[in-house]
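Take a look at the letters that make up each chain.
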Amino acid sequence: MSNLKYILWASVLLLAVNACKPDKPDNEVYDSTPYPYESVRFFPKTIPSPDDNPLTQAKVDLGRKLFYEENISKSKTTSCGTCHKPEEAFADFGNAVSTNDLGVETKRNASPLINMAWASKGFFWDGRVMTLEDAVDDAVTNEQHPQWDASIEYLSNDPNYKLAFEKAFENGEISQINFDKAVSSFIRILISKDSKFDYYYTQRIPGTTLTPLEQYGYDSLFTTERGDCFHCHGVYPFMTENDYVDNGLQGGGYIDLGLGGFNGINSDEGKMKIPPLRNLSYTAPYMHDGRFATLDEVIDYYSEGVNHTANISPLMKKVNQGGLHLNTNKMIISITGDTTYINEKEALKAFLLTLDDPNFINNPDYQSPF
Amino acid sequence: MKKIIGLFLLSTLLLVSSCKKEPGEGTLAIDFKARINNQPLVFQQFYVINTNDTVEFEELKFYMSDVNITNKDDNATINLSKVALINFKEEATTLNTLLTEGAYKNPSFVFGLTNELNATVPSSYNDTDPLGFNANNYWLMANSYIYFKIEGFRKVNGVNEPFVYHVGADDFNTNKELIKAFSIYEGNTTTVLGLLNINALFANIDFNTESTTHTDFTDPASIVLAQKMLNNFNNALSLE
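These protein sequences, in sequence, are chains A and B.
The numbering of the first sequence is this note's numbering, which starts it at 1032 and goes up by one.
The numbering of the second sequence is this note's numbering, which starts it at 19 and goes up by one.
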């Protein structure tokens, strides 16, 4: 009897111990190693990501493949990388609007994918989604037109993808949700931080200086009565406030309602997301409809072409005179008495080009693995 | 027997003492409201103020730092918050703090930022911190936060002319204190109301000549106007 009692107690103890044991993971290859981000001076200390999509190396690796994967599109010929090319700072250089998988023109210019991890106020020109995961889902669904069942079957039949999904996700599922999570993880690591201006402003490369023309443009950009770009583009390191403004572009009435078209608020009509001033050499044409082919046209617009639209930002200067009318022949007298003339438009352009980041467009970790 | 009774009484006393209820917590809410013509301010709606200026507002926010109250019993200063950003447009206008129930007095804060906080940069904070990147209140070139922003339009001959007051630099701050006693009760919210009187904010402003400042130290007029707006804001803001 006492033996029986002993066995009974031992069984209860064994059951209790097993009950407290963590569940054996379904997926033994899952790799939760965080993505190794090292912040540089004046950049955010972390790359934020949603609680249900922590940033891991395995997810980034998978996301990179999926970003360039054409076989999930309806035609099997387009990927995210078709309209967001790494050599073009993940924009679509030369195209005012892009052509989607069905051969149809997209509604707006393809935005460059630069430092998107910190774009906290929504995505797309009209701010219609608040998370990068939703942005990926929106863009892929509406531009690549995948037939998700077929796309998932394609990925499931590829042993490399099967393994990559198992490494990236605890549940190991090949699904639309996990696709969005992986691609958004890859986009989060597309960080531009190595322009000449970065080195100058942070002195990460000590002794980096701007030329006098670039310096004049820098001063102009950050001076209210001159270039006055800083109100919308003055947040370092992003060079955008990530907000939505009406810059007076649609003078004849709002053809594209932008943010107001999405949220239905009249006073938000015509407002578009402020793009970053980084990598402009690689991302022409400019504005939500790609109407300006060159930076000169953009600067001319802000200098002389601004329209007084219904919802124009109060930060736009001299809108009733068409803009700031930059001085194209400003006389500068040096302390030694030498006289030179500066074209403020050229100076602004020279400064803007210091925000080009060749390391960003050539980063091997960002290129197509195919 | 006496010893036993004594021990019993001591035990009972100890037991009762150990069951004594810890003081509970209640909420202190410092809540700010903007009023124009004695009405709640509605953004992007025109108002006639100060006899003949027709104005509407697009942005209105300010920093408060070193928010303190005093414990009425022992006069100890309690810091409620290092910094808060009051943003009227986004209706982020309330600073809530949990406090032990009891008697308190004299809520106070620095309107703007302390010089110590202004020496920091957005990358030192989480994005969502009042001083982080999302607040969009840092001047790269001036190496300073913008302590308050007022933006809007004034109608001039039927045309909207912008006004922009962006003020912030070391020492462009001022102390505010409300001489008032109040109590915090467990599970309840005690509200201290902050009122911003927009009419008072612009009472002595001539929009024709004083419509813009960015606290630009290369422009003496800009500094004079920034100081004037700081004084006006301070005077227009009251605690009740």
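Hints are computed from structural coordinates only; laboratory data are not their basis.
Just so you know, not all the hints are guaranteed correct.
Okay, derived cross-link-like pairs now, DSSO-like style, lysine-lysine, Cα gap no bigger than 27 angstroms in a straight line [stated by the list, open to error]:
1. A:K1152 / B:K173
2. A:K1348 / B:K100
3. A:K1349 / B:K167
4. B:K167 / A:K1152
5. A:K1349 / B:K107
6. A:K1348 / B:K167
7. A:K1152 / B:K51
* Would you check the hint for K1349 (chain A) and K107 (chain B), treating anything up to 27 angstroms between C-alpha atoms as holding? => holds, 25 angstroms
* Assess, step by step, whether the Cα of K1152 (chain A) is no farther than 27 angstroms from the Cα of K173 (chain B), and give holds or violated. => violated, 30 angstroms
* Given the hint that K1348 (chain A) pairs with K100 (chain B), does the C-alpha gap stay at or below 27 angstroms? -> Cα-Cα ~35 angstroms, so violated.
* CA of K167 (chain B) to CA of K1152 (chain A), is that 27 angstroms or under? -> holds, 19 angstroms
* Asked: When you check the alpha-carbon spacing of K1349 (chain A) and K167 (chain B), does it fall within 27 angstroms?
  -> Distance of about 20 angstroms is within 27 angstroms: holds.
* Asked: Taking only the CA atoms, is the gap from K1152 (chain A) to K51 (chain B) under or equal to 27 angstroms?
  -> Answer holds: K1152 (chain A) to K51 (chain B) is near 25 angstroms, not above 27 angstroms.
* Are the Cα atoms of K1348 (chain A) and K167 (chain B) separated by 27 angstroms or less? -> Cα-Cα ~16 angstroms, so holds.
In this structure, the earlier hints numbered 1, 2 are contradicted, and the remaining ones agree with it.
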